[in-house]
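Residue numbers (my numbering), protein chains in the order written: chain D, 6 to 151; chain Z, -12 to 72; chain B, 406 to 527.
The set of hints was computed from the structure by calculation and includes no laboratory data. A portion of the hints provided could be inaccurate.
To be verified - Derived DSS-like pairs: lysine-lysine, alpha-carbon spacing no greater than 25 Å straight-line:
1. Z:K30 / B:K468
2. Z:K27 / B:K468
3. D:K146 / B:K468
4. B:K525 / B:K438
5. D:K146 / B:K438
6. B:K439 / B:K525
7. B:K433 / B:K525
8. B:K434 / B:K525
What the hints assert, rightly or not - Calculated Cβ distances over 12 Å to all of chain Z for the following chain D residues:
9. S19
10. L22
11. L28
12. G62
13. S67
14. L69
15. M139
16. K146
Claimed, not checked - In silico contact screen, one side only, chain D against chain B (beta carbon under 8 Å); selected entries:
17. S40
18. F45
19. I140
20. V145
21. G147
These numbers were taken from a predicted model, which means no experiment stands behind them. A virtual CB, placed ideally from N, CA and C, is assigned to each residue, including glycine.
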Amino acid sequence: MRRQDESPIVVLGSRLLSPYIMLFGLYVIFFGHYSPGGGFQGGTLLAASVLLIRLAGGRRVSRLQIQEFATTPLAVFGVIIYFSTGLVAMIMGGYFLDYEMLPFTGMEPAMVRYWGILIIEVGIGLAVMAILVMIYDNMVKGEDYA
Amino acid sequence: MIYAASDLPYRGDPDNLMHAEESITGTEVVGSYVIQEAYKDAKTPNIVTVILGDYRSVDTFGEQVVVFTAGLITLLILRSRRRQI
Amino acid sequence: MLDFFLGHYAYWFVIILMCVGLYGILFKKNLVKKTIGLAIFQTSVVLYFVSIASKWGATVPVKDSNIPVEQVANYLNPLPHTLMLTAIVVGVATLGVAFTLIMAIYNRYETLDEQELLEKIQ
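Chain D extracted, bound-state conformation:
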């Protein structure tokens, strides 16, 4: 995109606001057990905090926060977390994604399900954030295509 005159008010406001949105997104992910929230909502909030910097500051500034080639491995890592809990549960006997057979020691079966749901929510949030940022990056870069 052609560089227009960047107004300093927009840049200052978004730089001031973006860490709080990221903190709130992490809170929504980890409190998915006790209040409405969970994986998808927290992932979208985290992606919003990264995209705010990219929209307001241009491409040169935002490359310092999350690199453009690092979003694809993050997305794959998020899906792998989800898939590996299912495979570990299947290896220990039981069905696919049956949380009672996970190798946690010394807890009753209901608490093992608690920790299983928490691991899955973290994986979902990471994958959704990386994919939303990746969609934006590819759409901006593909403007000079052909």
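Chain D is fixed; fit chains Z and B onto it per the hints.
Then chains Z and B, alone, in the frame of chain D:
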């Protein structure tokens, strides 16, 4: 279509009969079973998260695959053509 | 009469949104405007499902430890809310793919109008 809306959703918005929310039309309804058994199964107060993460976790896995495929499609459009024909 | 109106106004609102979305898909000639109509249509369907699942005197499907007991009449039905979470995310993915395809069409054919596209393809 406004005629159909006045006729078929005969029960209004805050009304109480939402097609057998608590009682039985033959067998047990999914909603009442989940509300009664969710805390004993997973020790989690949030019932929506328990459904999405424990009773229907394969649906959530399929949805993650859908979002991942959508991201991959944008990557394939980006690929720049360097071959000069 | 007022009772009838107060009971049904949510469904009329959803029907108006659905008709606006359908009008955008069918009668506009630009490709981006059609995609925006598709997004409005998806939002209206999600809103319809959520507005069905409401009840007088019941609370959010999060288990509260203070007053409401485990009797089922105190909580909302959690099943439509769960399915709508999945529907929203699938809608976002569909919109991403649609805009990427629009960009590819523009880079190839230099226009985004429907009539000129049909002439250029032949």
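Status of the hints after comparison with the structure:
1. The hinted pair formed by Z:K30 and B:K468 meets the criterion: a straight-line CA distance of about 10 Å does not exceed 25 Å.
2. For the proposed pair Z:K27 and B:K468, the alpha carbon gap of about 12 Å is at most 25 Å, so the pair holds.
3. Of the pairs offered as hints, the one joining D:K146 and B:K468 is violated, with about 46 Å between alpha carbons and a cut-off of 25 Å exceeded.
4. For the given pair, B:K525 sits about 20 Å from B:K438 by alpha-carbon distance, which is consistent with the 25 Å threshold.
5. Simply put, D:K146 and B:K438 have alpha-carbon atoms about 23 Å apart, close enough for the 25 Å limit, and the pair holds.
6. Distance hint between B:K439 and B:K525 is fulfilled; the C-alpha atoms sit about 20 Å from each other, no more than 25 Å.
7. Of the supplied pair hints, the one linking B:K433 and B:K525 holds, its CA atoms being roughly 19 Å apart against a limit of 25 Å.
8. Straight-line distance between C-alpha atoms of B:K434 and B:K525 comes to about 15 Å, which keeps the hinted pair within the 25 Å bound.
9. Distance to chain Z confirms D:S19 as a non-interface residue, since its nearest Cβ pair spans about 24 Å, more than 12 Å.
10. The non-interface label for D:L22 is consistent with chain Z: the shortest C-beta to C-beta separation is roughly 26 Å, beyond 12 Å.
11. Non-interface status of D:L28 relative to chain Z is upheld: no Cβ of that chain comes within 12 Å, the nearest being about 21 Å off.
12. The claim that D:G62 lies off the interface holds: its Cβ sits roughly 22 Å from the closest Cβ of chain Z, which is beyond the 12 Å cut-off.
13. Non-interface call for D:S67 relative to chain Z: holds, since the shortest CB-CB distance, roughly 18 Å, exceeds 12 Å.
14. Non-interface call for D:L69 relative to chain Z: holds, since the shortest CB-CB distance, roughly 22 Å, exceeds 12 Å.
15. Residue-level check failed: D:M139 sits 5 Å from the nearest beta carbon of chain Z, not beyond 12 Å.
16. The beta carbon of D:K146 is not kept farther than 12 Å from every beta carbon of chain Z, the shortest such distance being approximately 6 Å.
17. A least Cβ separation of about 7 Å between D:S40 and chain B falls short of the 8 Å threshold, and the interface hint therefore holds.
18. The restraint placing D:F45 at the interface with chain B holds, with a minimum CB-CB distance near 6 Å, inside the 8 Å limit.
19. Of the supplied interface hints, the one on D:I140 holds, with its beta-carbon coming within about 5 Å of a beta-carbon of chain B, less than 8 Å.
20. A least Cβ separation of about 10 Å between D:V145 and chain B goes past the 8 Å threshold, and the interface hint is therefore violated.
21. About 6 Å separates the beta-carbon of D:G147 from the nearest beta-carbon of chain B, less than 8 Å, and the hint is met.
Of the numbered hints given earlier, the model fails hints 3, 15, 16 and 20; all others are met.
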